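Next come the chains, spelled out residue by residue.
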Amino acid sequence: MPRPKAEDRTILLDARAMSRALQRMAVEVLELAHGTDDLVLIGIQRRGVELADRIAKLINEQEGTNVPRGALDITLYRDDLGTVGPKPVIGETHLPGDLTDKHAVIVDDVLYTGRTVRAALDELADFGRPKRISLCVLVDRGGRELPIQADIVGKAIKTGAGDRVEVQVTELDGRDQVDVVR
Amino acid sequence: MTSILGKDLTGLEHMTPEQIRLILDTAEPFKEVSERPIKKVPALRGKTIVNLFFEASTRTRISFEFAEKRLSADTVNVTASGSSVSKGETLVDTARNLEAMRIDMVVIRHPSSGAAEFLGDRIASNVINAGDGKHEHPTQALLDLLTIRDKHGKIEGLKVCLVGDVLHSRVARSNLWGLTKLGAEVAVCGPWTLMPRGIEELGVTVFGRIEEAIEWADVLNVLRLQLERMEKGFIPSLREYYRVFGVTPERLERSPRAITIMHPGPMNRGVEIDSRVADGPHSVILDQVTNGVAVRMAVLYLLAGGRAELADAAKGGE
Numbered sequence: 001m002p003r004p005k006a007e008d009r010t011i012l013l014d015a016r017a018m019s020r021a022l023q024r025m026a027v028e029v030l031e032l033a034h035g036t037d038d039l040v041l042i043g044i045q046r047r048g049v050e051l052a053d054r055i056a057k058l059i060n061e062q063e064g065t066n067v068p069r070g071a072l073d074i075t076l077y078r079d080d081l082g083t084v085g086p087k088p089v090i091g092e093t094h095l096p097g098d099l100t101d102k103h104a105v106i107v108d109d110v111l112y113t114g115r116t117v118r119a120a121l122d123e124l125a126d127f128g129r130p131k132r133i134s135l136c137v138l139v140d141r142g143g144r145e146l147p148i149q150a151d152i153v154g155k156a157i158k159t160g161a162g163d164r165v166e167v168q169v170t171e172l173d174g175r176d177q178v179d180v181v182r
Numbered sequence: 183m184t185s186i187l188g189k190d191l192t193g194l195e196h197m198t199p200e201q202i203r204l205i206l207d208t209a210e211p212f213k214e215v216s217e218r219p220i221k222k223v224p225a226l227r228g229k230t231i232v233n234l235f236f237e238a239s240t241r242t243r244i245s246f247e248f249a250e251k252r253l254s255a256d257t258v259n260v261t262a263s264g265s266s267v268s269k270g271e272t273l274v275d276t277a278r279n280l281e282a283m284r285i286d287m288v289v290i291r292h293p294s295s296g297a298a299e300f301l302g303d304r305i306a307s308n309v310i311n312a313g314d315g316k317h318e319h320p321t322q323a324l325l326d327l328l329t330i331r332d333k334h335g336k337i338e339g340l341k342v343c344l345v346g347d348v349l350h351s352r353v354a355r356s357n358l359w360g361l362t363k364l365g366a367e368v369a370v371c372g373p374w375t376l377m378p379r380g381i382e383e384l385g386v387t388v389f390g391r392i393e394e395a396i397e398w399a400d401v402l403n404v405l406r407l408q409l410e411r412m413e414k415g416f417i418p419s420l421r422e423y424y425r426v427f428g429v430t431p432e433r434l435e436r437s438p439r440a441i442t443i444m445h446p447g448p449m450n451r452g453v454e455i456d457s458r459v460a461d462g463p464h465s466v467i468l469d470q471v472t473n474g475v476a477v478r479m480a481v482l483y484l485l486a487g488g489r490a491e492l493a494d495a496a497k498g499g500e
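Chains as they are written, first to last, in my numbering: chain A, 1 to 182; chain B, 183 to 500.
In case anyone wonders, no lab produced these hints; they're calculated from the structure. Among the clues, some could well be false.
[Said to hold, decoys possible] Keeping only pairs whose Cα atoms sit at most 25 Å apart, straight-line, the calculated BS3-like set for lysine-lysine is:
(1) Lys-336/B - Lys-316/B
(2) Lys-336/B - Lys-189/B
(3) Lys-269/B - Lys-189/B
(4) Lys-213/B - Lys-336/B
(5) Lys-131/A - Lys-189/B
(6) Lys-131/A - Lys-222/B
Small disclaimer: the values here were computed from a predicted structure and weren't measured.
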């Protein structure tokens, strides 16, 4: 596998920009869901779970509510076990009860090919029939391979196939930052 | 070029502690799948698995079948009676014929020690040993390890005693390898006629009296007295065995600790284990059964994706 000689790393979002993006996303989630009555936030393992927690916290502070949260590991629903082999460590999946008639908002860090979201939709369908499923991502980097779009986007950029978008969150990485590595 | 577990799972003797831990860690999230409203994930969709059982089995075969089905694999069960095996076909011919129908994995139970490895060396499909003679029963030991880790939070440093018919027990052999590799202290206890020769050389303590084992142990794994494998007089009588080696509440009461009680099943109640112990508060016998499905899902999942020809793609993947 050829390795790039030098990495060109630029900061896409620093901690303050990320905080502002999350605040705006929280407001947009509330508008999209018409309040919190049927709202369920579902983070995709790994960093989507932390981002869903942040957004839930922002909503709860504003609305005085306790929005139910879930976590989804889509590893077992991937369509590429035969080409990339198994991922040894599979994260936790837990959902707050039956999703039937709920408005589920899937939260992930980066939207790229759309295959993760496709797998998440398949997995959610095995937990009930939400009345609506929306998608909320911190970074939309383009490059879709499936007809999937986000409803709420923190930051949209164009990237090439060899680029990487690296999201760091304080809970796991010690700081909030999004880098683009070219 | 090797994959995570290699092509086959034939025993724990030649596995590394890291590989064993990987299986246990992978089993954790699979427990949750069996608690879902729809107990099924598509991970092994399109894979065909044959359960080839040359020996009677209920628990192990059903456990494998649940594991396979919950991963969306297609499964076929073949038993020795009522198949071409009873017409004298050899093991390899049976397996090659199955392979000609494009299968992906074989789960085999066989009365001959070494049958799983023999088969694995001769066919391209993944082979999983579900018990071969007196050799190994690796998935049973893995589920025992997972159950011990769940109950005690660790395996390293724990004192685990295998009680009873160690001589005829492939479960004991696999447990011994797995436990010692993960750092547990292992002992065996039973009549000397049922102890393998030279077992002390493996660093295993041997207790001749059950009272000594109970005083020492954190965990008792009570083995089944394999009545069908005993050709000659290994023990005077079942009642005598119960009187001398039976795990009873009266004996356990003398222990300073609450000893975790395990049994691989099927139990001979009132022979190797008293019903009040088997159904008592420190018994994890049914947890073992639950964990069996998760461990087998983990093994199937890791072997299915861990083929040599896929390892290269995996390195460039994601």
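Numbers of the earlier hints that this structure fails to satisfy, in rising order: 1, 2, 3, 5
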